[in-house]
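Quick mapping for you: the protein sequence lines, in order, are chains A and B.
For the first sequence, position 24 matches number 23 in numbering that gives the first Met the number 0, and the numbering has no gaps at all.
For the second sequence, position 48 matches number 47 in numbering that gives the first Met the number 0, and the numbering has no gaps at all.
Just so you know, not all the hints are guaranteed correct.
Calculated pairs, DMTMM-like style, for lysine to aspartate or glutamate (alpha carbon to alpha carbon, straight line, at most 25 Å) [claimed, not checked]:
(1) K252/B - E47/A
(2) K631/B - E47/A
(3) K4/A - E242/B
(4) K130/A - D248/B
(5) K554/B - E126/A
(6) K631/B - D29/A
(7) K4/A - E218/B
(8) K24/A - E194/B
(9) K4/A - D612/B
(10) K220/B - E194/B
(11) K24/A - E242/B
Please keep in mind that the hints were generated in silico from the structure rather than gathered at the bench.
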Amino acid sequence: MSGVKAERFTFRVNGTEHSLEVDGKTPLLDVLRNTLGLKGTRFGCGTEQCGACCVLIEGHAVASCNMPLWAVEKKSVTTIEGLGRPEAPHLLQQAFIAEQAAQCGYCTSGMLMTAAALLERSPSPSEAEVKQALDRNLCRCGCYNRIVRAVLRAAVALEVA
Amino acid sequence: MNPAFNLASRAVAGSPLPGSLRVNRRLAQWLKFHVEGYIEVFSGKVEIGQGILTALAQIVAEELDVSLDQVRMMPASTSMSPDEAITSGSLSVQESGTALRHACAEARAIYLNAAAGRLGAPIETLSVDNGRVVSTTGGQTSYWDLVDDDLLDRDATGQVAPKPDSAHRIVGTPIARLDLSDKVFGRPCFIHDLELLRMLHGRVLRPPSADATLLDLDEAKVCALPNVVVVVRDGSFVGVLAESEAGADAALKELAAGATWRQGTSLPDEAAMTTWLMAQEAETSIVDSKVAATPRPVARTMNARYSRPYHAHGSIGPSCALAQVQESGLRVWTHSQGIFSLRRDLALALGLAENQVVVQHVQGAGCYGHNGADDVAFDAARLARAAGGRPVRVQWSRADELAWAPFGPAMVIDVEADLDADGSVVAWRHTIWSNGHTSRPGRGKTPALLGAWHLAKPFERLPAINPSVAGGGGAERNSIPLYTFPAWQIVNHWVMAMPLRVSALRSLGAYANVFAIESFIDELAATVGADPVAFRLRYLNDPRARTVIERAAAKAGWADRKKREGIGRGVGFARYKNAGAYCAVVAEIEADTEIRVRRLVIAVDVGLVINPDGLANQIEGGAIQATSWTLKEAVRFDRTRVTSESWETYPILHCSETPAVEVDIVSRPDCPAAGAGEAAQGPTAAAIANAVFDSLGIRVRELPLTAERIRAAMG
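Input sequences plus hints: build the corresponding full structure.
Here it is, written out as structure tokens:
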């Protein structure tokens, strides 16, 4: 295996510890989708320009497409699958459904993860803050307004909760 | 428009049936009842992000009196779906929805008849609720008790009337999208997520320019890489299969490094596309013309030239496909808009009989026209031939998608009007220079598949064509004004030379034609000192047209608007394809160093509304995408290749740049349901350009309305 050095990396995904022997340069997105079978994180550009592959690393929203696996060593990753489940949905997931905040839904995972990071650091964001936070997540179907409404709705629900 | 869906040539003897029932008459092609208590629904139309499966499920649940969770929309496949040609042209509700509405009404009557027999009760005494059939005489049964496939193994008669709108309880309500839950919980629901046993990952090396020829390739180096299975070389088509996706990506890089090409012919100068288009040899046709019964004298003539650049589809998920060579033939998984057309072209390209190919639809990311879906399916199919029976998954890159999928064509439009001494329009002329607007698979004598043009025995790449004017036209779409001008001549110069590959993009020619017509109407209104809304209404008799303009204007506070520094308002209107949805847009913009659209107020009339929230979502999305096209987008190219192959070089609208959008739905349940997906594109562009004029007093006639263009227009 010329030029490919497999090393062991240990990290947590959605609360479960994984220890994989893999080339440290492998993008996190590839490991999530193809090794761990977590398909909810989407491939969009491979160059951190669209946000479709956003996950949380230690609570921060980060594009996973270009993130080498060595960079998540000993860290905690949350993907859309870890955000919430139908039986225990995250407030954001409920709000996205309530606002019908999607058309094709391909950008949805990345939008949700970016929004989740925002609500973690700023539980009552203004509309402008939401738009700013989501500004690196592209949506081609034109659902931005619904998405912003959904995030604000979740923030309100968070306050009540 | 859907030219492959040629009703006349495929019509079966007998009375014409509604929608796609006309060519798929068998009821069993559409519906299958199951004893477990659900109904499988087979539509040939596919989910492309527009929410069609939810709308169709609503129609089915409504007519059969079942609940939505008793309806299962089956994925379209050439092996079992009715052939409804392509999911395009905002026709799915008309074609598939109408067919299902009537098929379900008929199936309900057939099952009620069976229930009447079972219960020994007159049919008039029966009612259905959640599939349970109850007689006022006391007996009860259900669809599920009565399941018998033979019941629907018959042709539709068209003799059973569907429910009147007044009886609707599901149609017309804002049902939540059925597919949304999967998406917010990140379930594997896209074709990108499909993983088959022993699947290989494929990549195709695209040439450095469209018709470059491969001279030399260092295959050995690539074959030696870990987990590479095979390199496929067929002429200038080069691909690689690997055990892992990362392995395929690494191999592709090596392939690129080891390939020597001869560059192909040169591209026109991007900055001179208007001149280039007008200088080409073209097939000229008169789209429509009329002369005034009593011509009035012409006091003055005005004219203006408008243009749009090439646009990319820019779906957030690059195209993806899977293919496998099986004993029975080839099996393909695709997010194509036209599974039957793709099957036909794959068979043609690979030398197979159509019945040896099964094409199955799996949802992709948002689709706005003929993107890379069909091309990547060919890539997967061609590579699958070298995979020894293992399934192959090919994922296009962002650069592949932005540079190699077909573009919406660049266009030039001249508009000219004669005015009489009172400032009334007495004649109107509209002249278009454009490539054809479709080069979809399934229609030409050679396959319309990118990879097939690069094979050792290459197939000829045919020029894009225009769908018939009767069916909505391509470049000509919406070029005939809806205004009551006494005379006009509409001319289309169909340019055959196609330096950049073009095909259908959302609304086809309507986007630029409406931009031109509605900009020019504003120019005329300004010339005669008329209010843009009043000026339009002066030339409109159609009450539905007038209503959307009046409603949008009222909601936007048009009459009370005050001139404010740096703020502009503009209006735009069209009836999509002159036969579909009516849409009027009032845009409010802020003009500073660049144009910022603050608010879009839209009134829309699609006739019968199946799902008001789905409709609003489509209109909002269309308007926001059109705002992106209008303010920011242009495919960039140098003299050899497309250079806008990333989101940095092909920027689209971001969240913070998005206008507020308000949609006012004009409900007309008595009018047939029309599609909504493309109605807002042209009116939005024109409303923005007109608002720029309102604000700055300058007319920018070349899209996009970038800061540079504004500065240039200001002189």
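Here is what the structure says about each hint:
1. K252/B - E47/A: Given pair K252/B, E47/A holds - Cα atoms ~19 Å apart, limit 25 Å.
2. K631/B - E47/A: holds, 20 Å
3. K4/A - E242/B: Satisfied, since the Cα-Cα distance of roughly 17 Å is no more than 25 Å.
4. K130/A - D248/B: The given pair, whose Cα atoms are some 34 Å apart, is violated under the 25 Å limit.
5. K554/B - E126/A: holds, 23 Å
6. K631/B - D29/A: violated, 32 Å
7. K4/A - E218/B: The hint holds at about 23 Å.
8. K24/A - E194/B: Roughly 23 Å separates the two Cα atoms, so the pair holds.
9. K4/A - D612/B: violated, 52 Å
10. K220/B - E194/B: violated, 28 Å
11. K24/A - E242/B: holds, 18 Å
Against the hints set out earlier in the document, violations occur for numbers 4, 6, 9, 10.
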